[in-house]
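Colleague: Model the placement of chain B on the given structure of chain A, informed by the hints.
Protein chains: 2
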Amino acid sequence: MSDLIGQLIAKLVAALGEDTVLVGGDVTSRSAGWGLTEPNAAAAVVRPRTTDQVATTLRLCHEASQTVCVQGGMTGLVHGNVARAGEIALSLERMNKIEEIDELGRTMTVQAGVPLQTIQEKAYEVGLMFPLDLGARGSCQIGGNVATNAGGNRVIRYGMTRDLVLGLEAVLADGTVISSMFKMVKNNSGYDLKQLFIGSEGTLGIVTRVVLRLVRQPRSHNIALVSIASFDKVTGFLRAAQDRLGADLSAFEVMWDDFYWLVTSPPAKSLPPLPHGSPFYVLVEALGAHQEEDGERFERVLGACLEEELIEDAVLGRSRAERDKLWEIRDDVEQMGRMGPIFTYDIGLAIGDMEAYVAEVRGRIGQRWPDARIVVFGHLGDGNLHVVVGVGDGSREARRAVEAIVYGALESRGGTVSAEHGIGFEKRPYLKLTRSDAELALMRTLKQALDPRGILNPGRVLEPA
Amino acid sequence: MSDLIGQLIAKLVAALGEDTVLVGGDVTSRSAGWGLTEPNAAAAVVRPRTTDQVATTLRLCHEASQTVCVQGGMTGLVHGNVARAGEIALSLERMNKIEEIDELGRTMTVQAGVPLQTIQEKAYEVGLMFPLDLGARGSCQIGGNVATNAGGNRVIRYGMTRDLVLGLEAVLADGTVISSMFKMVKNNSGYDLKQLFIGSEGTLGIVTRVVLRLVRQPRSHNIALVSIASFDKVTGFLRAAQDRLGADLSAFEVMWDDFYWLVTSPPAKSLPPLPHGSPFYVLVEALGAHQEEDGERFERVLGACLEEELIEDAVLGRSRAERDKLWEIRDDVEQMGRMGPIFTYDIGLAIGDMEAYVAEVRGRIGQRWPDARIVVFGHLGDGNLHVVVGVGDGSREARRAVEAIVYGALESRGGTVSAEHGIGFEKRPYLKLTRSDAELALMRTLKQALDPRGILNPGRVLEPA
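In order, the protein sequences belong to chains A and B. Under numbering that gives the first Met the number 0, the residues of the first sequence are numbered 0 to 464, in order. Under numbering that gives the first Met the number 0, the residues of the second sequence are numbered 0 to 464, in order.
Bound-form chain A, shown alone:
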């Protein structure tokens, strides 16, 4: 550790107290990031309890031009939260208070370090729901969800995290506190500054507090797994579900046959509720306001789609246990491990381009690696597919070659290299495939304006200046 960092750490300890600044073994024993086994490489981990302490930390780091890595629940998939040697990590873990629940206004005011699941549960206790939901719910923190604009399974109905944030507070690189803790859906009073901090992955400021939008708890919950004979019919079924289930439609998760096979064959958690052999399977879910009527309508809609031959077969989740079982199929992504070394992607493109896109990727990968396995699944209604590729070779070179194909086929289609996971370090080399030079230059202009010394999460999203 350099003398300069040592002096800064001493200043941080003096300003914040010893228990707030971890060093040595207290740092190396912490998780370095999702799926990583190496020690945490940060020079120190600062764990502020208040916005003021975050501001003090950043002010001191800014004065010293010290780079800072922002850490939350450490569940990010693009390694934006992985500290590099010489960085000071700032963890929001002790800013974990729920400050207020406004039942009437349907808002919850929280500090950034509250785990997502805690928020979901607290909302539930007062008859409300916080609709953001993703696999990492138990560990991920709301500040990270906001910084990465997390998506998840119910975006089709409730939107991304961006749509669920009414107000927020963030600290800029120099320690300035920007507090825009509004509680209203409508607010056109000057620039909507919160948008800067949502989805910019901690590179423009550190989110410290958030006003979240809650919704009334749904009173009905209907779900089915259906099998479908062609991609055209998948989109026909989507259209029918949107028309006939209306705003209740809360999930429309597509699984290509090879994904379905993998998650319903031993040793997967589930047996196949519908036989193998169809090219597509869709998990369709509706959340409504009246259990009995909605259930009848849901069954009637599926019945009509069967008659119209949009779908081949359907199985309903009639109880909570049955519903959970159906979701378990979709969520059993661990089965991908059976493919050997894999590369996973989170791409976005227009629904109308998906079939040709998947065919092109399959074709080009199959040409180069005849034994390759490719499974595709995702949030069809949101234009978001997850593509998992195993070519029997986990090397960096193989990965680059696969990425050239997976991302290359997006370029001409106006797609995105990241629909929901973000850019971090992992996808930075590919950002230029789907964002123009002018867009990248404008991103750098913003970064320069808000963080002129480049201390906040440097190298994530954008190349360091």
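Keep in mind the hints are simulated off the structure, nothing from the lab. Wrong hints could be hidden among the right ones.
For identical chains, the list gives no copy identity; a pair is met inside one copy or between any two copies.
[Said to hold, decoys possible] Below, a list of computed lysine to aspartate or glutamate pairs in the DMTMM-like style, where the Cα atoms sit at most 25 Å apart:
#  : residue 1 : residue 2
1  : 121       : 242
2  : 431       : 17
3  : 431       : 173
4  : 431       : 51
5  : 268       : 321
6  : 96        : 25
7  : 10        : 354
8  : 96        : 392
9  : 324       : 312
10 : 268       : 312
Modeller: Leaving out everything else, chain B in the frame of chain A:
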């Protein structure tokens, strides 16, 4: 006109053609802005047909440090589009093409000058709906809707304009074209640049093209006017409507008794469908997926609310004509003219603070002007109220005094001086009441970074540098 402007106009004519650059009487005869009778004061009006022409215009103006006023349908209520002497106006009126409708992906790609109503109608023709709706629909242009993040009547269900924009293209002050014409709901590939241009009222860039999000056309439409005995019961009824109508709830428009009286007493367009005398009236609307079932549910929910004494009385709109009649009551804002000279406000605050806020404003205004009339109505579910005040005196001094009360009572409540109309010139003096010094400084940082010469809509939203 100065020589410098004359030279610049000559350059613009040379680059864009004579028919693209209006001067003299062709300028003065144009509308100066909503409700204004004076001539348009712009030195010239440039009417580009393409993004390239917008870019050329801005590049030349930037080189000359020439200020530019952006104009659309000229329906803005805060005079942000009113050209000042010496400004060159840039009107998007000839960029009025609908470029593409993607029925499956439910998107429409349009140029900025397309009127809102045209977009609504084109969507309708293909079985879809563009849900943004406001009184100025026939004249306002989508570029202006985006630049001001327009709201309207159905925000409670479909969100603000911001929520309906998937991608956009904008031209920066120096002529750089930023094209982020994505079509996906989910896209976390770097900073979400479109957010900069939505709601910043043309001060950070000029929106030239937009990818809009469409929704499936609802198949049911139910509406009722109800009378309610107390504000507590208004919020109880909102809660019940959210719970029992679920995601179908598309409007919840509250009218305080004095507003209702004004719009249902001669010479207003409407007779009172429910008798005068209740303290509150609410227009409640649901858009669903099944006409028969939804109608039954809607009536049953109202019936239950009557039994539970949440509402006193209700009248249903059973036909299209009846539904239109009910909306006509809410929309007959011209009746405000009967109050003599009036000042109108568009404020936002938490629902739980509304009753005390209105009481405070009434009390303080009544104390100073015992004969004052105050009517209140608005989009309760979105935290947005419109307050109209008549004190028998339309002078600037009276206005400032009323504003001090109306806006002053927001400050301690974390409210906003503009929920949906924006800031423009009109509300600039009050922006500081609900935005902190740090927030205003950050807004100026953004303005400086994107428009260093301050040529774009100067003086709107922020003080000129």
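Colleague: Work down the list of hints and note, for each, if the structure agrees.
Modeller: Now the hints, each set against the structure:
With identical chains, the CA atoms of residue 121 and residue 242 are at most 25 Å apart between copies only, with a shortest distance of 18 Å across copies and 33 Å within one. Taking identical chains as interchangeable, the C-alpha atoms of residue 431 and residue 17 are never at most 25 Å apart, the minima being 43 Å within one chain and 39 Å between chains. Taking the shortest Cα distances, residue 431 and residue 173 sit within 25 Å of each other only across copies (22 Å), while inside one copy they are farther apart (29 Å). Taking the closest pair of Cα atoms, residue 431 and residue 51 come within 25 Å of each other only across two copies (23 Å); inside a single copy the shortest separation is 37 Å, beyond that limit.
For the identical chains of this complex, residue 268 and residue 321 are intra-copy neighbours only, at 14 Å inside a copy versus 55 Å across copies, given an alpha-carbon limit of 25 Å. Within a single copy, residue 96 and residue 25 get their C-alpha atoms as close as 24 Å, which meets the 25 Å cut-off; across copies the closest is 61 Å, which misses it. Proximity of residue 10 to residue 354 under the C-alpha cut-off of 25 Å is found in neither arrangement, the shortest distances being 57 Å within a copy and 49 Å between copies. Within a single copy, residue 96 and residue 392 get their C-alpha atoms no closer than 45 Å, and across copies no closer than 50 Å, so neither meets the 25 Å cut-off.
Taking CA atoms no more than 25 Å apart as the test, residue 324 paired with residue 312 passes inside one copy only; the shortest distance there is 18 Å, against 46 Å between copies. When the C-alpha separation of residue 268 and residue 312 is checked against a cutoff of 25 Å, the pair qualifies only within one copy, where the shortest distance is 22 Å, while the shortest distance between copies is 55 Å.
The structure is inconsistent with the numbered hints 2, 7 and 8, although it conforms to all the rest.
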